[in-house]
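So the sequence lines, in the order shown, correspond to chains V and A.
Here this note's numbering is used: the first residue of the first sequence is 1, the next is one more, and so on.
Here this note's numbering is used: the first residue of the second sequence is 1, the next is one more, and so on.
Derived by calculation from the structure, the hints in this document are not laboratory data.
Where is the CB? At the ideal position from N, CA and C, for every residue including glycine.
Hints are supplied without guarantee of correctness; some may be wrong.
Said to hold, decoys possible - The calculated label-pair distances, taken between Cβ atoms and stated as ranges, are:
{"no.": "1", "chain 1": "A", "residue 1": "PRO27", "chain 2": "V", "residue 2": "SER2", "range": "26 to 32 Å"}
{"no.": "2", "chain 1": "A", "residue 1": "ALA86", "chain 2": "V", "residue 2": "GLU82", "range": "22 to 28 Å"}
{"no.": "3", "chain 1": "A", "residue 1": "VAL103", "chain 2": "V", "residue 2": "VAL21", "range": "58 to 64 Å"}
{"no.": "4", "chain 1": "V", "residue 1": "GLU85", "chain 2": "A", "residue 2": "TYR102", "range": "31 to 37 Å"}
{"no.": "5", "chain 1": "A", "residue 1": "ARG55", "chain 2": "V", "residue 2": "GLU82", "range": "27 to 33 Å"}
{"no.": "6", "chain 1": "V", "residue 1": "LEU47", "chain 2": "A", "residue 2": "VAL103", "range": "15 to 21 Å"}
{"no.": "7", "chain 1": "A", "residue 1": "ALA86", "chain 2": "V", "residue 2": "GLN87", "range": "21 to 27 Å"}
Said to hold, decoys possible - Residues on chain A that point at chain V, a partial pick, calculated with CB under 8 Å:
{"no.": "8", "residue": "ARG31"}
{"no.": "9", "residue": "PHE46"}
{"no.": "10", "residue": "LEU49"}
{"no.": "11", "residue": "VAL54"}
{"no.": "12", "residue": "TYR58"}
{"no.": "13", "residue": "GLY69"}
{"no.": "14", "residue": "ALA71"}
{"no.": "15", "residue": "GLY72"}
{"no.": "16", "residue": "LEU79"}
{"no.": "17", "residue": "VAL110"}
{"no.": "18", "residue": "LEU134"}
What the hints assert, rightly or not - Short, incomplete list of chain A residues facing chain V, as computed with Cβ under 7 Å:
{"no.": "19", "residue": "MET1"}
{"no.": "20", "residue": "GLY3"}
{"no.": "21", "residue": "THR9"}
{"no.": "22", "residue": "GLY20"}
{"no.": "23", "residue": "VAL23"}
{"no.": "24", "residue": "LEU42"}
{"no.": "25", "residue": "THR61"}
{"no.": "26", "residue": "LEU65"}
{"no.": "27", "residue": "LEU68"}
{"no.": "28", "residue": "LEU122"}
{"no.": "29", "residue": "VAL123"}
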Amino acid sequence: MSELPVLLGLLFVAVAATATVLVRDPVRQSFLLSVLGLALALLFLLLHAPDVALSQLAVGSALTPLMVLLSVRKVRRRARDERREEQA
Amino acid sequence: MNGWTAAGTALLVCGALPAGWGVATGPVRRRVVAQNAMTTLLSLVFLLLAQGFVRTAYQDTALVLAVLGPAGTLLYVRLLADRLAAGPPLSRPLSAVTPLNYVAVAVVVVPLAVVTDPGRALVKLLVIGVLLVLGSGVAGRAVAVAVDAGHGPRGHI
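Using the sequences provided together with the hints, build the complete structure.
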């Protein structure tokens, strides 16, 4: 019974990680990545590693989605510009 | 496993995991609202676990999440503004999520504050509670404004 939270955390991480890999659209993937980051932080806390959980939170909840979304934005903008140049 | 850990696990199963499902599926507006709810609820889970493990230092994770969670939501609102404005106005269940967050914060933080001895830990707990309410409110309002941007003036959450 005392292992239940850790088992739940492990299951949560496994499901979130699998879903992140299976989703193909980068924007949706960024949402799943943030869920995965939060799940990992929870698991680290349950395994009594709050320092690791802190760094995971800092990276996973805000930084990774920011990187992914900014990259998507830049790639889309470049694709649009190239299309416009071809038309001109 | 004591009562606090059990309460944290229950909140995880009944609150944070369904919110996680909401983040993983559905239209962008629901994902952003669910992301806000998930970070708030997970922060409360961290608080309950810290009390359950009798380690006040574990509250730091909840504090960091209370600051970074709304920041993440605002980031999504800023970078996905065009997608948020494209659809219909927020449905009633989605508008109810932010008040539900307030209720959850009150339900968890008040009992924790009652059992915590007066001192630094109590101050930290109350600061985390205030940050959670403020963060959830600001992020919820930002989502409502972004969604309404495509529909002209309307009442906000």
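Here is what the structure says about each hint:
1. Checking the proposed 26 to 32 Å range against PRO27/A and SER2/V shows it is violated: the Cβ atoms sit about 40 Å from each other.
2. Evaluation of the 22 to 28 Å hint for ALA86/A and GLU82/V yields a pass: the beta carbon distance comes to about 24 Å.
3. Between VAL103/A and VAL21/V the beta carbon distance is about 35 Å. The supplied range of 58 to 64 Å is therefore violated.
4. For the hinted restraint 31 to 37 Å between GLU85/V and TYR102/A, the CB-CB distance of approximately 51 Å leaves it violated.
5. A C-beta distance of roughly 54 Å is found between ARG55/A and GLU82/V, which places it outside the suggested range of 27 to 33 Å.
6. Range check, LEU47/V to VAL103/A: Cβ separation about 30 Å, and the 15 to 21 Å hint is violated.
7. The supplied range of 21 to 27 Å is met by ALA86/A and GLN87/V, whose beta-carbon atoms lie about 24 Å from each other.
8. A distance limit of 8 Å between C-beta atoms decides the matter here; for ARG31/A the minimum to chain V is near 5 Å, and the interface restraint holds.
9. A least Cβ separation of about 6 Å between PHE46/A and chain V falls short of the 8 Å threshold, and the interface hint therefore holds.
10. The restraint placing LEU49/A at the interface with chain V holds, with a minimum CB-CB distance near 6 Å, inside the 8 Å limit.
11. Proximity of VAL54/A to chain V is violated relative to the hint, the smallest CB-CB distance being about 12 Å (cut-off 8 Å).
12. Interface hint at TYR58/A: satisfied, since its Cβ lies 5 Å from the closest Cβ of chain V, which is below the 8 Å cut-off.
13. A least Cβ separation of about 6 Å between GLY69/A and chain V falls short of the 8 Å threshold, and the interface hint therefore holds.
14. Because the closest C-beta pair between ALA71/A and chain V is about 5 Å apart, less than 8 Å, the hint holds.
15. Hint status for GLY72/A: holds, given a least beta-carbon distance of 4 Å to chain V, under 8 Å.
16. For LEU79/A, the interface hint holds, the least distance from its beta-carbon to any beta-carbon of chain V being 4 Å, beneath 8 Å.
17. Checking VAL110/A against chain V: minimum C-beta separation of about 22 Å lies over 8 Å; hint violated.
18. At a threshold of 8 Å, the smallest CB-CB gap from LEU134/A to chain V is about 17 Å, leaving the interface hint violated.
19. Contact between MET1/A and chain V, as hinted, is supported at the beta carbon level, the nearest pair being about 5 Å apart and thus within 7 Å.
20. At its closest, the beta carbon of GLY3/A sits 13 Å from a beta carbon of chain V; the interface hint therefore is violated under the 7 Å criterion.
21. Using the Cβ-Cβ criterion of 7 Å, the hint placing THR9/A at the interface with chain V is satisfied: the shortest such distance is roughly 5 Å.
22. Given hint, GLY20/A at the interface with chain V, holds; its Cβ is 5 Å from that chain's nearest Cβ, closer than 7 Å.
23. At about 5 Å, the closest approach between the beta carbon of VAL23/A and any beta carbon in chain V falls short of 7 Å, and the interface hint on this residue holds.
24. Look at LEU42/A: its Cβ gets to within about 6 Å of chain V, closer than 7 Å, so that hint holds up.
25. Here the hint on THR61/A is kept, as its CB sits about 5 Å from the closest CB of chain V, short of 7 Å.
26. For LEU65/A, the suggested interface contact is upheld, since its CB lies about 6 Å from the closest CB of chain V, less than 7 Å.
27. A hinted interface residue such as LEU68/A counts as satisfied when its beta carbon comes closer than 7 Å to some beta carbon of chain V; here the least separation is about 5 Å, so the hint holds.
28. Interface restraint check: LEU122/A against chain V, minimum CB-CB distance 19 Å, threshold 7 Å, status violated.
29. Here the hint on VAL123/A is broken, as its CB sits about 19 Å from the closest CB of chain V, past 7 Å.
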